[in-house]
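Now for the letters of each chain:
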Amino acid sequence: MSRLRYVAIGLLGLGVLGGLAYDSPSPRRVVRRAGYRVLEADFHVHTRFSDGFLSPFDVVLHARRNGLDAFAVTEHNLVYPAKMSRWFSRLIGGPTVVVGEEITTDRFHLIALGVEDRVSPYGELGPIVDAVHQEGGVAIAAHPVKRFWPSFDAELAKLDGAEVMHPLALTARGGREGVGWRWEEMRDFTTRATQDGRHFTAIGSSDYHFFNGLGVMRTLVFAKDDSEAAILQALREHRTVVRDLAGNYYGDDTLVAELKEHPITDTDQDENGAERGYRPRSPLDRLTRIAGWLGMFAMFAFSRRKGPGCAK
Amino acid sequence: MFWSDDMALLRHPFGRYGALGAAAASSSWRSAGLRIGRLMLTLGLFVSISTTGRVVPSQAAGTMVAWLFTPLVQSLAVLFVARVFGRDASRARVLDLYFAGHGPWLVLMWIAAGIVAVPPHPTSIFFFLLAKGILPGLLLGAFVWGVVLNVAMFRTGLGLSRGKTALATALFYLLFVGQVVAYYLFNDAIQPQLGMR
Numbered sequence: 020m021s022r023l024r025y026v027a028i029g030l031l032g033l034g035v036l037g038g039l040a041y042d043s044p045s046p047r048r049v050v051r052r053a054g055y056r057v058l059e060a061d062f063h064v065h066t067r068f069s070d071g072f073l074s075p076f077d078v079v080l081h082a083r084r085n086g087l088d089a090f091a092v093t094e095h096n097l098v099y100p101a102k103m104s105r106w107f108s109r110l111i112g113g114p115t116v117v118v119g120e121e122i123t124t125d126r127f128h129l130i131a132l133g134v135e136d137r138v139s140p141y142g143e144l145g146p147i148v149d150a151v152h153q154e155g156g157v158a159i160a161a162h163p164v165k166r167f168w169p170s171f172d173a174e175l176a177k178l179d180g181a182e183v184m185h186p187l188a189l190t191a192r193g194g195r196e197g198v199g200w201r202w203e204e205m206r207d208f209t210t211r212a213t214q215d216g217r218h219f220t221a222i223g224s225s226d227y228h229f230f231n232g233l234g235v236m237r238t239l240v241f242a243k244d245d246s247e248a249a250i251l252q253a254l255r256e257h258r259t260v261v262r263d264l265a266g267n268y269y270g271d272d273t274l275v276a277e278l279k280e281h282p283i284t285d286t287d288q289d290e291n292g293a294e295r296g297y298r299p300r301s302p303l304d305r306l307t308r309i310a311g312w313l314g315m316f317a318m319f320a321f322s323r324r325k326g327p328g329c330a331k
Numbered sequence: 080m081f082w083s084d085d086m087a088l089l090r091h092p093f094g095r096y097g098a099l100g101a102a103a104a105s106s107s108w109r110s111a112g113l114r115i116g117r118l119m120l121t122l123g124l125f126v127s128i129s130t131t132g133r134v135v136p137s138q139a140a141g142t143m144v145a146w147l148f149t150p151l152v153q154s155l156a157v158l159f160v161a162r163v164f165g166r167d168a169s170r171a172r173v174l175d176l177y178f179a180g181h182g183p184w185l186v187l188m189w190i191a192a193g194i195v196a197v198p199p200h201p202t203s204i205f206f207f208l209l210a211k212g213i214l215p216g217l218l219l220g221a222f223v224w225g226v227v228l229n230v231a232m233f234r235t236g237l238g239l240s241r242g243k244t245a246l247a248t249a250l251f252y253l254l255f256v257g258q259v260v261a262y263y264l265f266n267d268a269i270q271p272q273l274g275m276r
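Taken in sequence, the protein lines are chains A and B.
Position in the first sequence counted from 1, then plus 19, gives you this note's numbering.
Position in the second sequence counted from 1, then plus 79, gives you this note's numbering.
None of these hints come from the bench; they were simulated from the model.
Among the hints, erroneous ones may be present.
Stated by the list, open to error - Computed spacing ranges between beta-carbons, pair by pair:
{"hint": "1", "chain 1": "B", "residue 1": "Leu209", "chain 2": "A", "residue 2": "Ala265", "range": "20 to 26 Å"}
{"hint": "2", "chain 1": "A", "residue 1": "Glu203", "chain 2": "B", "residue 2": "Leu273", "range": "38 to 44 Å"}
{"hint": "3", "chain 1": "B", "residue 1": "Leu151", "chain 2": "A", "residue 2": "Pro44", "range": "52 to 58 Å"}
{"hint": "4", "chain 1": "B", "residue 1": "Ala261", "chain 2": "A", "residue 2": "Gly155", "range": "41 to 47 Å"}
{"hint": "5", "chain 1": "A", "residue 1": "Ile283", "chain 2": "B", "residue 2": "Ser203", "range": "22 to 28 Å"}
{"hint": "6", "chain 1": "B", "residue 1": "Thr149", "chain 2": "A", "residue 2": "Arg47", "range": "55 to 61 Å"}
{"hint": "7", "chain 1": "B", "residue 1": "Val256", "chain 2": "A", "residue 2": "His281", "range": "53 to 59 Å"}
Where is the CB? At the ideal position from N, CA and C, for every residue including glycine.
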């Protein structure tokens, strides 16, 4: 074996040691307000089974790493990856996993939470929401930007809630408009939906696909406990609060007032949440990260021996 | 020479594939397997670093398993094409040659992981590179150079004629992309987004 390969293995070994030493679950604590347990949740997560990077098992570990009490796996028109996550999380005592589906069409995207069987994406929004409810699920308008408004407006009375916070808010803050979708349109949809006093479940979600950002936007759920059933009950009864980057609250008025009076100051969502996930814990942590990254290069860039065929 | 075949092929796709093609007459399954293993290790490290900022062994290993479908669908496509156009090449030789040509993707994954692992404000830098078109440009560059490498493999690695090389490359991408699209069609992930009701 060449000397450079030993260097590669050494660098990678340092990276592995750093990963073992510094990667750990974020400590969770029990927070109570207004007689409920307040859970930090992310209800829009994808895995490798559609267009995400992580396996259904790895998202559980990452949710635990990022300090979530609960999350929903919501694959495009699929539910079985969510069941895999729920099984694994129960096995290791991880965060509560709500089985979900992102019903994805050209006219709307709908987050169905608490469905055990796949809801068909074919048809109009109204019957699809009915099907979600028949399964005992909760129907949430996913990133309701203007192009989806005609469908959502027509069935506003049937919807349980909408995503009001989304990583699009981060691009909006930077003066960029993302992929033609604007966060302000999501916010305006919820504001309009609640104008006549309608109760609407406010949701903050990361729409997680890859990198660190699982839970970068999250929902505070006021539930009786951290079971899947209690979380779904809280969503049905609109017991959620979401905070935007400017500090404005959305959700149940009573609970918002309670939070203003007794704020939860160290929730894991803040405007630098995306950066915080990558922040090294010490100079040694930073050093081992760089060593691991250099080792990654050395492993594929330097010759093992001479060339093809030589390894036999 | 201390550069691996992946790196050498990046610089001289046709010349290097010619040399590898001659040497690979005695390719073994072990050699092909090691190349696939290295690709999966790089993928595992990329996902681990881009997700956590660190080399987390469980994360890297989980990714290596979860993404095994990638070399599987690539292998099925390239073996079928080789069966049609290069009947005298052994399956081990075809896989050995094919998986030597993933340099553009390995480098791209390494750069993307570096954005997360090295600078103090990775998210800001990531958005900057995205907004300036640098990351999409790198992605496009990796894809285009990957196509060049596949052409070089069929042309000088397996010794096909120009016409057969063009047909083999087209058929390879048809089969490779076709398998991925078939998965999404099977799961109803595409049709509803095309307006089918």
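Tested hints:
1. Leu209/B <-> Ala265/A: 20 to 26 Å: holds (24 Å)
2. Glu203/A <-> Leu273/B: 38 to 44 Å: violated (28 Å)
3. Leu151/B <-> Pro44/A: 52 to 58 Å: For Pro44/A against Leu151/B, whose Cβ atoms are near 32 Å apart, the range 52 to 58 Å is violated.
4. Ala261/B <-> Gly155/A: 41 to 47 Å: With a Cβ separation near 33 Å, Ala261/B and Gly155/A fall outside 41 to 47 Å, so the hint is violated.
5. Ile283/A <-> Ser203/B: 22 to 28 Å: holds (26 Å)
6. Thr149/B <-> Arg47/A: 55 to 61 Å: Violated, since Thr149/B and Arg47/A (Cβ atoms, about 35 Å apart) do not stay within the stated range.
7. Val256/B <-> His281/A: 53 to 59 Å: At 54 Å between Cβs, range holds.
Hint violations for this structure: numbers 2, 3, 4 and 6, all remaining hints satisfied.
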